[in-house]
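Protein chains: 2
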Amino acid sequence: MTIIELCPIDTMLVNLFSVFMTKFDFLLFKLKIVLSFSNKAYAMNEQDFLASYNRRDFLSPLITVDAVLFTYHEEQLKVLLVKRGEHPEKGKWGLPGGFVDELQDKCLEDTVLRKLKEKTGVIPPYIEQLCSVGNNQRDVRGWSVTVCYTALIAHQVCEAHIDTVDSVMWCPIDEVAQQCLAFDHHELIAQARERLKQKSLYSIVPGFALPEVFTLPELQHVHEILIGKEIQKKSFRRRIEQADLLIDTGEKRAERGRPASLYRLKEASADYRFIRNLEF
Amino acid sequence: MTIIELCPIDTMLVNLFSVFMTKFDFLLFKLKIVLSFSNKAYAMNEQDFLASYNRRDFLSPLITVDAVLFTYHEEQLKVLLVKRGEHPEKGKWGLPGGFVDELQDKCLEDTVLRKLKEKTGVIPPYIEQLCSVGNNQRDVRGWSVTVCYTALIAHQVCEAHIDTVDSVMWCPIDEVAQQCLAFDHHELIAQARERLKQKSLYSIVPGFALPEVFTLPELQHVHEILIGKEIQKKSFRRRIEQADLLIDTGEKRAERGRPASLYRLKEASADYRFIRNLEF
Chain A
383 MTIIELCPID
393 TMLVNLFSVF
403 MTKFDFLLFK
413 LKIVLSFSNK
423 AYAMNEQDFL
433 ASYNRRDFLS
443 PLITVDAVLF
453 TYHEEQLKVL
463 LVKRGEHPEK
473 GKWGLPGGFV
483 DELQDKCLED
493 TVLRKLKEKT
503 GVIPPYIEQL
513 CSVGNNQRDV
523 RGWSVTVCYT
533 ALIAHQVCEA
543 HIDTVDSVMW
553 CPIDEVAQQC
563 LAFDHHELIA
573 QARERLKQKS
583 LYSIVPGFAL
593 PEVFTLPELQ
603 HVHEILIGKE
613 IQKKSFRRRI
623 EQADLLIDTG
633 EKRAERGRPA
643 SLYRLKEASA
653 DYRFIRNLEF
Chain B
383 MTIIELCPID
393 TMLVNLFSVF
403 MTKFDFLLFK
413 LKIVLSFSNK
423 AYAMNEQDFL
433 ASYNRRDFLS
443 PLITVDAVLF
453 TYHEEQLKVL
463 LVKRGEHPEK
473 GKWGLPGGFV
483 DELQDKCLED
493 TVLRKLKEKT
503 GVIPPYIEQL
513 CSVGNNQRDV
523 RGWSVTVCYT
533 ALIAHQVCEA
543 HIDTVDSVMW
553 CPIDEVAQQC
563 LAFDHHELIA
573 QARERLKQKS
583 LYSIVPGFAL
593 PEVFTLPELQ
603 HVHEILIGKE
613 IQKKSFRRRI
623 EQADLLIDTG
633 EKRAERGRPA
643 SLYRLKEASA
653 DYRFIRNLEF
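One line per chain: the protein sequences are A and B, in this order.
Each position in the first sequence, counted from 1, maps to that position plus 382 in our numbering.
Each position in the second sequence, counted from 1, maps to that position plus 382 in our numbering.
The list cannot tell twin chains apart, which means a pair is met if one copy fits it or any two copies do.
Result set (EDC-like, lysine to aspartate or glutamate): computed pairs, CA atoms no more than 20 Å apart in a straight line:
1. Lys472 with Asp430
2. Lys581 with Glu510
3. Lys474 with Glu557
4. Lys579 with Asp653
5. Lys499 with Asp483
6. Lys474 with Asp430
7. Lys474 with Asp556
8. Lys465 with Asp548
9. Lys488 with Glu569
10. Lys581 with Asp653
Note that these hints are calculated values from the structure, not bench results.
Let the sequences and hints guide you as you build the complete structure.
Structure follows, in structure tokens:
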């Protein structure tokens, strides 16, 4: 009775059905319908869920990628900066990066490599994820997360392209502090520099900032810049030889008067780790 | 003339204005309006930009945090799993984690600590960012990014709370492979385990998975589990003593017959790094 009182419109149905069934039969019939509905709600499968799910219904933090791209040029470590053409922070220098393009990018690495290729014309030979920073302070548009990468590239391979792109420059790492950078990009660069310093103690990853062929003094110098100290030539050479990560091209170049052998990195160089850190 | 031809509706205005000015005057007047508009568009400041900016206008990838929380219990390394109560992947076990709550969370670390506290009742004494994974495959809802953390906690401090929370369990790390986990959580756990293995070679971070007070054999055992090899007792003790990271509580506990000293970690233990890796 109570169910029928709650649904007065059903009394019409009762009259209709009463030709075939008693009121008691009808109550049972209604109960079955109610049970079948609640059962359906409970057992909503993933397909039903997805059919009614719309990502736009939920406010999600902004997500971007950024890259701290290093190179070695004119005996200095330099980092790529891009002048922002759009709001927010329009006109300031910042890191190359941007939003995921869901049609073009299958993964975050696609996004960051696409953005770097736009600016340099090439894919860097070394890239690794540095960290993600997400908070409600770093971007005036609102809660924002950036996934930041460290990458290394030879100056020469992207020189021609960079010359054709407006508002891109290699900034010597020691001069970055004087730039007014967008967002928290100063902190991201500092973190990337620190990570690269650590790497230079136990790997020859910094070699990826050199031209394709380079001399041992050049490799040692990029390590020294990163570590901030001079390394003993003998101990550096011994370490590099033990690691067996270089290919001798057989060619030589005059380096301060004496001919120095030219090397290139073996492919496995990115993953190699010295058993002990470089010492001074 | 051409401007007026392009905008036929203006001829009405010309008729209206012609009482007061010549057609030439009117052309100048229009030119001023056009210039003032384009000027305004060019000089739109950040405030104007933000006033017209709405995050919901842009489709952004989903962003979540996840945590691989380890503990040491019953002489095993265990990882916290949570049974998913909602679609997608409803009913599967997965990592504790979830969405940023923009009202509650100031940064990503707030999100992950809030999620861990919901499940364990406490804030873990050690947490670090592991990596971010973002692609169009990992979540059926669409392009999705997770920022994943590794954390360590003593079993005892959250035992009581975990007992009161449904669908949470400590799964021995060696049995995780047999679980059908949601999303890419198998891969995230494998990455966290590998990172913790590396850390156990050059730090005493694994000690954060132990109870507040512990014996040296316990600390050594959690290192051995992670590294997958036995460590020489003598060399392990020497390394720990050199690092000076433990506080002797002055108390002892019977360990296989002999009384073993009880230690606690110094606060600086999380950041300490052995100069050389542990050797075997």
